[in-house]
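Protein chains: 2
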Amino acid sequence: MKLTIRKNELNEAVQQAAKAVSSKPAIPILSGIKFEADANGLTLTASDTEISIQTFVPANIGDEPVVRVERPGSIVLSARFMAEIVKKLPEDEIEFEQQGSFNVTIRSGATDIQMIGLDAEEFPVLPDLGSLKTVTIPGDRLKNMIRQTIFAASTNEQTPILTGVQWRLAGGELKFTATDRHRLSTCTAAVDAAEDERIDSIVIAARTLNELSRIVPDAPDPVEIAAADNQVLFRIGRVLFYSRVLDGSYPDTSRIIPQEFKTEMEIETRRLTDAIERAYLMSREEKTNIVRIVTLDGGDIEISSSSTELGRVTERMRAMRLEGDELRIAFNSKYMLDALRVIDSERIFIGFNGSMSPIVIRPTDQSDRQLHIILPYRTTG
Amino acid sequence: MKLTIRKNELNEAVQQAAKAVSSKPAIPILSGIKFEADANGLTLTASDTEISIQTFVPANIGDEPVVRVERPGSIVLSARFMAEIVKKLPEDEIEFEQQGSFNVTIRSGATDIQMIGLDAEEFPVLPDLGSLKTVTIPGDRLKNMIRQTIFAASTNEQTPILTGVQWRLAGGELKFTATDRHRLSTCTAAVDAAEDERIDSIVIAARTLNELSRIVPDAPDPVEIAAADNQVLFRIGRVLFYSRVLDGSYPDTSRIIPQEFKTEMEIETRRLTDAIERAYLMSREEKTNIVRIVTLDGGDIEISSSSTELGRVTERMRAMRLEGDELRIAFNSKYMLDALRVIDSERIFIGFNGSMSPIVIRPTDQSDRQLHIILPYRTTG
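Sequence order for the protein chains is A and B.
Under my numbering, think of the first position of the first sequence as 1, with each following residue one higher.
Under my numbering, think of the first position of the second sequence as 1, with each following residue one higher.
None of these hints come from the bench; they were simulated from the model.
Wrong hints could be hidden among the right ones.
Claimed, not checked - A partial selection of chain A residues facing chain B, derived with a Cβ cut-off under 10 angstroms:
| # | residue |
| --- | --- |
| 1 | ARG80 |
| 2 | GLU84 |
| 3 | ALA110 |
| 4 | ASP274 |
| 5 | LEU281 |
| 6 | MET317 |
What the hints assert, rightly or not - Which chain A residues stay away from chain B? Per the calculated CB distances, all over 10 angstroms, these:
| # | residue |
| --- | --- |
| 7 | PRO25 |
| 8 | ASN60 |
| 9 | GLY62 |
| 10 | PRO160 |
| 11 | GLY172 |
| 12 | ALA189 |
| 13 | ALA228 |
| 14 | LYS262 |
| 15 | GLU277 |
| 16 | ARG278 |
| 17 | GLU309 |
| 18 | LEU337 |
| 19 | VAL360 |
| 20 | PRO363 |
| 21 | LEU375 |
Just so it is clear, the structure is predicted and the values come from calculations on it, not from any experiment.
Where a beta carbon is used, it is the ideal one built from N, C-alpha and C, also for glycine.
Bound-form chain A, shown alone (with noise of 0.2 angstroms):
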C-alpha cells in the first residue's frame, strides 16, 4: 500500500469507522481498522460484532482529487491512535506507504509515523447484502422514528429481545414498536419501496439505534435498508452500516392498543409537559415517580404528586377538551415525560379506559403518526 490522501476526508472516514470499534474488542484485532486501498480509492472497516461499519474515500470527489493510490494493498491500523492522530497531523495532506508485511509508515509535513499494523486477512468478513431489495427513507425522517420509540425500549438484558426495537414493513409503510412491559411508544411513516416489499419483523437493539443515529445526517439524504434474517444493512451517502439482528420472537403488541375511550382529553403539549416535569421533580424524591391526574368539573384538570419527606406540588389546568366519564389515575411520570419530550405537534390527545387500564398518548396532528402507551400504577387515594 502507497497512496497520499487528504486529512479532512480520511479524518471524516476515520471518525465513522472508529464509532464501531468496541472500548473492550472481544478479539485484539477489533480494537482496530482495516486500512484497504485501490484503484478507487480507500475503503475502512471497523466492527465490534454486533455492529459493523464501513466507510469509503473515492479516488475523486467531484473534480477534486482526493486520494492518490500508487500501490495498492490493505493493513489493520489501531483505532484509537488513528482516531486522534489524523485529526492532529500537521499537514493537509498524509502519505501511508507500507513497509514489508505489517508496517506503514505515515508522514505529514515534518511528523513521520511508523506504525506497527496487523494482518487484514484476519479481519472479519463482512456478511454479502449486496444482492437485496432495498428501502429508501429520508434520514432525518428515520432519525426520527428511532428517536420518537427508543426509550420504550427495555434496558433489562433478561428480557433480550425487548431489548430491541421492532421493525415491520407492509404495503410501503415502516412501523417501529418498543416496549418495555410498562410503556409502549409506535410510529409510522411512509418509505420508498415496492408495494409487495415486506419485512414481517426484524428487532434491532436499540444501543445498534442510537449508533446509527449518530451516522445518519439530520436532513432528508437518502438511508438505504437491506434486511436479510440475521443482518440489516443500511446505507448512507459513502458509509455502510452492518447490524445484527436480536434473535427471538417478538410479542404480539397489536392488540393491547385500545381503539375506544372512556375519558378523552386535548390538551396543550407544552403546558402540560411543563405541569408533569414540575409534579416529577416532587415524585423523584420517592423513587416511584407517581404523578396523578384528576378531572375537574369544568373542563379543568389537576396534577398533583406528593413526598412524604419533602412536600406536594398541586397544579390546575384547563383542557382544551375534555370529555367523557370522570378520572383519577396515577402514573410513572418520567414515563410521560419521555413521550411528551418527542411529540412536536402543539396539542396532544390523550385517551383513557378507566384508572387500571392503559392511557394512550398522540399528537393530535394526524401526519404525525406516533401513539404511546404508558400502563397505570394501581394505587390508593
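We have chain A already, so just place chain B on it with the hints.
Chain B alone, transformed into the frame defined by chain A:
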C-alpha cells in the same frame, strides 16, 4: 416568612448557593439551603462543611423592586429540589408563605407547592470574618492564576497538604504554588492590598478552587479576599464564598527553582504543543507517557515517542533560539502538555540542566509571571 420575589434573581441565587451542597451531605440539614428573609432582602446559605456559599437577593436592584418581604423569617429547604423547580415555575413572580414552623407554600401562577422544610436554627453558623483586612484582585486574573497552577496539585490523599494550592502574599504580590512532587507550577500577580499586608502561607484545596472558579466571573470585577488561620472568605459581588484552609505545613519550594541553565531554548508555543500532543498519543499506549527531546545540529530539536505495540512518532522542528550543551532528555508528556496549555504567550522558554535535572518552562512574555517545573524520567537510550 412571607415574601414575593422575581424568578430570575431567585434562580440565580439558588444555583450559586446549591454549588456548596454535597451529593452526600454529612448531616441531613446540609442537603438544604437556608432561606432567611428580612427587610433588606433574602439571604441563601449552603455548606458542605469544607466550603460554604452565601448569596443575597436585595430588596431592590437599582430602582427595580426584586423582593418584597411582608414578614421576615427563615427555613431550610431541599437544595436539589429548589435548584430544579425554581427555574421551571410558570410565572416571573414567586410567592413564599411560611405555614407553622417548618412548612412553606410556594406559589407561582397555577402551581402550588407545599414544602416541608427544616429548622433554620439547626443550620451551621458561618464564621465571622467581617473584621479582617482584605486584598482585592480582578476576577479574571484570579481565575487565570487558579487555571495556571491547579493541575499541578496532587490527587493523592496520602499527602493531603499537596492536594491544595499554596497562597502567599507579600509586598502587594500574590503567589500561587502547586506541586505533586513530580512537577511544580507557580504564578504571581499584583493585587490591591496594603504594602505591609502579608499572608505567610495558606493552602486551599484544589477541589475548592475549582468550585470558586465556577463562581468568579470571567471579567475584571473585583474579588475581595479575607484570610484567617483556618478560613478564607471571598466576596464576589453579592456572593460570599467561605473555604476551610488545609491543615499542615506546605513544603518550602523556593530553592528547587533553578536560576541558571546548561541548555536553553525558545520555541513557538503552538507548534511545540501540537508536536508534543502527537507524541503523547503514542506514549500514552505505554502508560508512562514518555516523550523524548533531543537537540540536533543547526538549531533543530527532535521530539519522539514509541510504543512496543503501536510503533513510533518522530518529529523535527526548528527552535527560535537554542543555546548551550547538547541534550537528550525524557519526560512525562502529559505534564508538559498541562503546562503548555495554560501558557497564552506565543513563545516559550525552556531551560535544562542535563537529562537528570528539572526542566523549567515559562512564557517569554515577562508580564506573564508563571513558571512550571517538570522532573525528567531517568531512562536508558
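Hint by hint, here is what the structure shows:
1. ARG80: With Cβ-Cβ at 8 angstroms, under 10 angstroms, it holds.
2. GLU84: Result: holds, 5 angstroms to nearest chain B Cβ.
3. ALA110: holds (5 angstroms)
4. ASP274: ASP274/A check passes; min Cβ-Cβ to chain B is 7 angstroms, inside 10 angstroms.
5. LEU281: OK, holds: LEU281/A within 10 angstroms of chain B, min 5 angstroms.
6. MET317: holds (6 angstroms)
7. PRO25: The claim holds: PRO25/A sits with its nearest Cβ about 13 angstroms from chain B, beyond 10 angstroms.
8. ASN60: Correct as stated: the minimum Cβ-Cβ distance to chain B is 29 angstroms, above 10 angstroms.
9. GLY62: holds (31 angstroms)
10. PRO160: Correct as stated: the minimum Cβ-Cβ distance to chain B is 33 angstroms, above 10 angstroms.
11. GLY172: holds (42 angstroms)
12. ALA189: holds (33 angstroms)
13. ALA228: The claim holds: ALA228/A sits with its nearest Cβ about 36 angstroms from chain B, beyond 10 angstroms.
14. LYS262: Correct as stated: the minimum Cβ-Cβ distance to chain B is 26 angstroms, above 10 angstroms.
15. GLU277: Incorrect as stated: the minimum Cβ-Cβ distance to chain B is 6 angstroms, not above 10 angstroms.
16. ARG278: violated (5 angstroms)
17. GLU309: violated (7 angstroms)
18. LEU337: holds (12 angstroms)
19. VAL360: The assertion about VAL360/A holds, with a minimum of 25 angstroms to chain B.
20. PRO363: holds (23 angstroms)
21. LEU375: Holds: least Cβ distance 26 angstroms, greater than 10 angstroms.
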